[in-house]
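Chains as they are written, first to last, in our numbering: chain X, 1 to 115; chain Y, 1 to 114.
One or more of the hints may lead you astray.
Covered by chain Y, according to a simulated footprint, are these stretches of chain X (three or more residues, beta-carbon under 8 Å) [claimed, not checked]:
(1) 32 to 44
(2) 54 to 60
(3) 97 to 108
Hints are computed from structural coordinates only; laboratory data are not their basis. Because the structure is a prediction, the values reported are computed rather than measured. Where is the CB? At the ideal position from N, CA and C, for every residue including glycine.
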Amino acid sequence: KAGVTQTPRYLIKTRGQQVTLSCSPISGHRSVSWYQQTPGQGLQFLFEYFSETQRNKGNFPGRFSGRQFSNSRSEMNVSTLELGDSALYLCASSRATGGMADTQYFGPGTRLTVL
Amino acid sequence: AQSVTQPDIHITVSEGASLELRCNYSYGATPYLFWYVQSPGQGLQLLLKYFSGDTLVQGIKGFEAEFKRSQSSFNLRKPSVHWSDAAEYFCAVYGGTSYGKLTFGQGTILTVHP
Chain X
1 KAGVTQTPRY LIKTRGQQVT LSCSPISGHR SVSWYQQTPG QGLQFLFEYF
51 SETQRNKGNF PGRFSGRQFS NSRSEMNVST LELGDSALYL CASSRATGGM
101 ADTQYFGPGT RLTVL
Chain Y
1 AQSVTQPDIH ITVSEGASLE LRCNYSYGAT PYLFWYVQSP GQGLQLLLKY
51 FSGDTLVQGI KGFEAEFKRS QSSFNLRKPS VHWSDAAEYF CAVYGGTSYG
101 KLTFGQGTIL TVHP
């Protein structure tokens, strides 16, 4: 079974631009979670989608948004990029049906650099 | 609110030596606990998980972890470290009602000397 895939793997943007990152979950997984990883703040939860609905959201500004499609693929968007948005963005998928099915499996990440 | 503490930022061991990475969590009910490993520039790979039952869980690559409710700990162990184990290790807690949100510790960087 193929793992979680994320595209693109690397992105370079300038301040003020916007960016869209994509995540394809493991087949059969309906939940996708997004995380931001930085050296200073570590791994922080952005939001989670299940069956096209956002069920949970972390403490990030409204510039960070996401969506999920009917095939469970998810995108996250960051508008008006700031230097501090430079990070590794990780997505994870799970079946999210309770118990061990809540185990999250991570993709390789998208490295975003904002200049 | 749930939280995870990994007291050791950096640990150095010799190849072949035993390893223990510490993890303490704070959560009101019985948590789901995980250990993940990350190589530089890569995503997180699941090493092992605890949901219920036997408090000693086995994972991949020869790792094991023990859940101790009385100490709110979930320490990761390996009897003999290999050079390829050098990486960053993250402990994480999941509360079943906190949809999709893993709370991570700050990570422990493991260096292995030949």
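Query raised in the report: Under a C-beta cut-off of less than 8 Å, do 3 or more residues of the stretch 32 to 44 of chain X approach chain Y closely enough to confirm the stated coverage?
Result: With 5 residues closer than 8 Å to chain Y, the stretch 32 to 44 of chain X meets the three-residue bar; holds.
Query raised in the report: Are there three or more residues in the stretch 97 to 108 of chain X whose C-beta lies closer than 8 Å to some C-beta of chain Y?
Result: With 10 residues in contact (Cβ-Cβ under 8 Å with chain Y), the coverage given for the stretch 97 to 108 of chain X holds.
Requested in this report: Establish whether the coverage given for the stretch 54 to 60 of chain X by chain Y is satisfied; the threshold is a Cβ-Cβ distance below 8 Å, and no fewer than three residues must meet it.
Outcome: holds (count 3)
The structure is consistent with each of the numbered hints, conforming to all of them.
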